[in-house]
Amino acid sequence: MSEAGTTLQKRHGAKDVVVSNVGVLSVVAMFYAICCAGAFGIEEMIPECGPGLTIVMLLVLPVVWALPYALICAEMGSARPVEGGNLMWVKEALGEFWFAIMVFCNVLWSLVCNTVYVVLAIGYLGKIVPLTDFQSMALKVIMILIFFIINILGVRDVSIVSTVLSIIIVVAFAVVTVVGFMNWNQSPVTPFFSDEYDTAFGHIGAGLAIGIWMYSGFDELSIIAGEVKNAQKIIPKAMMIVVPLIAMTYILPTMAGLCSVGEWADWTTEPDGVGYSAVLTQFAGPVAGVLFMIVAIIGQASIFNVCITTGSRCMLMLADEHFGPKFVANLTKKRGVPYVGLIVVAVATMLLVPFDFTFLVVVDVFFMIMVTSLTVIACMILKRRLPKEEFHFTIPGGTAIHTLFGVAILAICVLSTLVNGTDYFMGGMIWILAVPILYVIAKWKYKGSTIDEPDAYPINPRTHLGFGDVKKIGLLYAGIGVFAVFARFFLDWYEGDWGPEYYLEEYESGIFASFDGMLTVILVIGIVCLAVGLIVWLAGRKVDE
1 MSEAGTTLQK RHGAKDVVVS NVGVLSVVAM FYAICCAGAF GIEEMIPECG
51 PGLTIVMLLV LPVVWALPYA LICAEMGSAR PVEGGNLMWV KEALGEFWFA
101 IMVFCNVLWS LVCNTVYVVL AIGYLGKIVP LTDFQSMALK VIMILIFFII
151 NILGVRDVSI VSTVLSIIIV VAFAVVTVVG FMNWNQSPVT PFFSDEYDTA
201 FGHIGAGLAI GIWMYSGFDE LSIIAGEVKN AQKIIPKAMM IVVPLIAMTY
251 ILPTMAGLCS VGEWADWTTE PDGVGYSAVL TQFAGPVAGV LFMIVAIIGQ
301 ASIFNVCITT GSRCMLMLAD EHFGPKFVAN LTKKRGVPYV GLIVVAVATM
351 LLVPFDFTFL VVVDVFFMIM VTSLTVIACM ILKRRLPKEE FHFTIPGGTA
401 IHTLFGVAIL AICVLSTLVN GTDYFMGGMI WILAVPILYV IAKWKYKGST
451 IDEPDAYPIN PRTHLGFGDV KKIGLLYAGI GVFAVFARFF LDWYEGDWGP
501 EYYLEEYESG IFASFDGMLT VILVIGIVCL AVGLIVWLAG RKVDE
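Under our numbering, the residue at position 36 of the sequence shown is numbered 36, and the numbers go up by one with no gaps.
Simulated from the structure, these hints should not be mistaken for lab results.
Given the structure is predicted, the values throughout are model-derived calculations rather than measurements.
Check each hint, because a few of them may be wrong.
Here are the simulated SDA-like cross-link-like pairs (lysine to any residue), alpha carbons at most 25 angstroms apart as the crow flies [said to hold, decoys possible]: (1) Lys127 x Ile146; (2) Lys445 x Tyr457; (3) Lys471 x Gly481; (4) Lys388 x Lys127.
Take these sequences, add in the hints, and give me the full structure.
Here is the structure:
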């Protein structure tokens with residue numbers, strides 16, 4: 001028994017981790033930190049969609065996206081509360097190949113996300129206190145080190161910090177809500193649409209990706225379920241609390257800001273724009289506005305605190321399932337924390353923080369969609385495969401509602417990828433192409449699940465991969481190719497009227513500044529992927545037999 005009142009328990013894999021007595025409210029705080037940490041980001045939806053549509057989308061997305069996904073993850077988490085969470089669900093449902101794809105996507109995504117939140121936090125600080133490049137970099141390194149130290153202490157300490165930071169954020173946005181509504185002087189939903197697009201679909205598409213991003217992350221804490229006592233009961237309860245809490249954090253302060261400050265066309269996360277802090281600055285004084293900017297920094301720090309936790313556990317699973325160096329799975333003796341994984345995540349974040357913010361976020365959406373899609377597909381399969389008595393929590397309505405939720409989430413995933421922007425599509429697609437290559441290299445070098453489960457995952461002596469892997473790689477590349485070719489023509493239809501001017505203004509030079517150039521790259525990559533995928537699949541039919 002450690003000083004934190006924890007016990008040792010075997011997790012899904014070969015290593016021991018410390019199981020902590022973390023309460024429901026602490027898990028709520030961790031969910032709130034990783035899924036929300038304030039309404040920062042909603043500012044970009046308002047001028048794109050219009051005030052009215054923004055409010056409607058913030059009301060609708062919890063119902064059609066956040067709650068269904070949270071319920072699906074909560075249900076499966078009640079049956080499989082294992083270390084690795086949704087990563088292990090994918091392995092059980094879809095096998096080693098898709099598990100590895102899932103892990104590599106999660107690792108790359110978590111590293112990029114971690115870096116984004118550090119960059120944003122110090123960027124917000126730079127709005128209050130002018131910083132030199134050296135000072136900015138030094139503060140980023142200090143922030144990484146602080147939360148590395150917190151994480152090395154264990155999940156319980158992470159949850160305590162998350163609880164404190166989340167309370168500060170909730171209180172700050174509650175104050176914005178009260179002050180805004182007390183100074184109501186105009187309609188928060190007028191005009192309904194902005195004047196940026198000619199069709200309702202254009203307006204919806206402009207805000208959909210942002211809205212989905214804001215309501216994402218409900219699968220993340222499943223990764224550390226093996227370290228939470230009674231996770232099969234606590235995590236589902238926490239999810240049911242945090243979804244409405246997040247929705248209120250987004251909806252109420254946004255309405256309060258629009259009905260008091262207004263100026264909807266000028267809302268943005270940029271320093272010279274209008275945002276939530278403007279409510280306090282205008283009606284409570286400049287000092288209140290500065291204090292709220294400090295809360296913005298706290299919000300990014302709160303997300304980073306939990307992201308470094310889940311990112312290190314992804315590294316742990318990568319090594320423990322023999323797709324990475326064995327030493328990465330090493331745990332601290334007393335608290336059972338994957339310290340090597342934490343070091344890898346911290347160092348990688350330090351190496352990435354000098355990169356441009358746009359470079360970092362441009363690759364995020366594809367990874368998020370891949371992880372979400374594989375999670376939902378795995379849950380749909382296991383829902384039908386596992387005995388009912390293994391579920392401690394079930395979605396009301398049974399299998400039919402579960403299927404409806406799953407199909408709806410997958411459809412939204414595809415749509416959000418297409419309407420997120422040509423730059424994001426091209427950048428994310430290029431990164432995704434590297435993931436199967438990482439699988440092949442890791443499988444050849446470390447042998448994968450064959451080490452622990454040779455009968456379940458035998459190696460094909462002709463390819464030194466798993467049986468059927470070559471065909472799966474071929475199908476994956478062919479599928480990406482088909483999607484890319486379709487996307488090229490969809491994006492030309494969707495953004496063709498304004499895309500050339502927008503991207504030239506946004507990026508000024510380079511491939512991202514050329515709308516037509518990006519479409520050409522997407523088409524060429526799509527055709528090449530389709531051809532390579534078909535060739536590899538045909539080859540797989542021979543070598544995988």
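Taking the hints in turn, this is what the structure says about them:
For the hint linking Lys127 to Ile146, the alpha-carbon distance of about 22 angstroms falls within 25 angstroms, and the restraint holds. A threshold of 25 angstroms between alpha carbons decides the hint, and for Lys445 with Tyr457 the separation of about 15 angstroms falls inside it, so the pair holds. Annotation: proposed proximity of Lys471 to Gly481 holds, straight-line Cα distance about 15 angstroms (limit 25 angstroms). Distance check on the hinted pair: Lys388 and Lys127 sit about 53 angstroms apart at the alpha-carbon level, beyond 25 angstroms; violated.
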